[in-house]
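J.: If you're matching them up, the sequences are chains A and B in order. Adding 244 to a residue's 1-based position in the first sequence gives its number in the working numbering. Adding 244 to a residue's 1-based position in the second sequence gives its number in the working numbering.
Calculated from the structure, these hints are not laboratory results. Check before you lean on any hint, since a few could be wrong.
One copy or two, it doesn't matter: identical chains are merged, so the pair holds either way.
[Said to hold, decoys possible] Dumping the calculated DSS-like pairs for lysine-lysine here, alpha-carbon to alpha-carbon at most 25 Å:
| # | residue 1 | residue 2 |
| --- | --- | --- |
| 1 | K356 | K431 |
| 2 | K431 | K339 |
| 3 | K328 | K354 |
| 4 | K328 | K356 |
| 5 | K352 | K440 |
| 6 | K431 | K299 |
| 7 | K426 | K393 |
| 8 | K339 | K356 |
| 9 | K379 | K448 |
| 10 | K440 | K393 |
| 11 | K426 | K247 |
| 12 | K354 | K440 |
These numbers come from a predicted model, not from an experiment.
Protein chains: 2
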Amino acid sequence: MGKGKLIVVSGFSGAGKGTLMNALMERYDNYALSVSATTRAPRPGEVEGVSYFYKTDEEFRQMIERDELIEYAGYVGHYYGTPKTFVEENLEAGKDVFLEIEIQGAMKIKQKYPDAVLMFVTPPSADVLRERLTKRGTESADVIEARLKRATEEAEGVEAYDYIVVNDNLQDCVETVDRIVKSEHNKAGEHISLIKEIRTDLSKQ
Amino acid sequence: MGKGKLIVVSGFSGAGKGTLMNALMERYDNYALSVSATTRAPRPGEVEGVSYFYKTDEEFRQMIERDELIEYAGYVGHYYGTPKTFVEENLEAGKDVFLEIEIQGAMKIKQKYPDAVLMFVTPPSADVLRERLTKRGTESADVIEARLKRATEEAEGVEAYDYIVVNDNLQDCVETVDRIVKSEHNKAGEHISLIKEIRTDLSKQ
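Full structure from sequences and hints, please.
T.: Below, the structure is given as structure tokens:
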């Protein structure tokens, strides 16, 4: 059992990333989903350690100072960050760790973990995306327009990504992501020592 | 349907590449196996256009002159080469084309097709490789020793490869290769135009 892979997942809101992550975690034992730390209050139904690790401003500040976060960012008055321990412990245990984050955060992750695999999830077309964003609830035209505008910004920097996954059908998408992660374990770097061993061994006789 | 991928497969003799290629072609409709041209005579049981395209020295020389070969090399008095037409027609038709070739030839392919995926197939250990090479027939110790020596040379340059696939169990190996090829179709480069389309489309309203 080698070390796990860090898989960074970004994508348009409305691409179905959350559902995709849940389906992956349910279906495969070898995957772990990184849980973020946040200073915002829990919402009804959210669970400590599952939805988020809930922290006071002071606790969050200490995590930053102790270098316990891989990355963090402020968003509408609250802090959000990725705790390092969870990620590293799972990678060491051989689990592939998924981390859902927007592109700016992904770039910070890639700097610290150059072997991280960057995956961008997209709906099959702008029409489908528009449909998903407008169907979510009974929001006003303003809210919907703001969302569509944000979607155009969410792909800023996608050129740095390794893979693009089209989420048309959830089950297909789950299998595609699983296939990519498994294939990443066949990357030559991970097995070059086996080849060297074989060559040394053969030349010994 | 996009363009197919060119998959270059190399590996130790005794790694089971031939059996692996046959199993892949039998199981998946979307794969094509490149057939080499050669100036050597057909052996019993070999079929023109399946085993090889059999050429006279003069025909082979003309193929070289007309730039009809992606690469070619001489080996014990005969020429072997990869006809360009077969590969390009299948890639255009959206098929993934497999090409079995040693590392030196693979490097020439990669120069002409920078998008080609390089895959190296290996047995799980030197012991297994030794067993496979010595069990093949009733060859003399000399022949076996020459084979083992050649095996150590066959991995020269493997650092340039994208993937290493361990052939322990044939079915697992077939699935691993299929997974890698499918995942290569999710590489960001192939889908970046979709993201651009979505962004343009969303910003239009």
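J.: All hints, please: hold or fail.
T.: Hints, one by one, checked against the model:
In this assembly of identical chains, the alpha carbons of K356 and K431 lie at most 25 Å apart whether taken from the same copy (20 Å) or from different copies (22 Å). Taking identical chains as interchangeable, the C-alpha atoms of K431 and K339 lie at most 25 Å apart whether they share a chain (17 Å) or sit on different chains (23 Å). Within a single copy, K328 and K354 get their C-alpha atoms as close as 14 Å, which meets the 25 Å cut-off; across copies the closest is 39 Å, which misses it. Proximity of K328 to K356 under the C-alpha cut-off of 25 Å is restricted to the intra-copy arrangement: shortest distance 11 Å within a copy versus 43 Å between copies.
Taking the shortest alpha-carbon separations for K352 and K440, only the inter-copy value of 23 Å comes in at or below 25 Å, while the best intra-copy value is 34 Å. In the homo-oligomer, the alpha carbons of K431 and K299 never lie at most 25 Å apart, since the shortest distance is 38 Å inside one protomer and 38 Å across protomers. Within a single copy, K426 and K393 get their C-alpha atoms no closer than 35 Å, and across copies no closer than 33 Å, so neither meets the 25 Å cut-off. Taking the shortest alpha-carbon separations for K339 and K356, only the intra-copy value of 18 Å comes in at or below 25 Å, while the best inter-copy value is 38 Å.
Taking the shortest Cα distances, K379 and K448 sit within 25 Å of each other only across copies (20 Å), while inside one copy they are farther apart (67 Å). Taking the shortest Cα distances, K440 and K393 sit within 25 Å of each other only across copies (14 Å), while inside one copy they are farther apart (52 Å). In this assembly of identical chains, K426 and K247 lie within 25 Å of each other by CA distance both inside one copy and across copies; the values are 13 Å within and 23 Å between. When the C-alpha separation of K354 and K440 is checked against a cutoff of 25 Å, the pair qualifies only between copies, where the shortest distance is 23 Å, while the shortest distance within a copy is 29 Å.
Comparing the model with each earlier hint shows violations of hints 6, 7; every other hint is respected.
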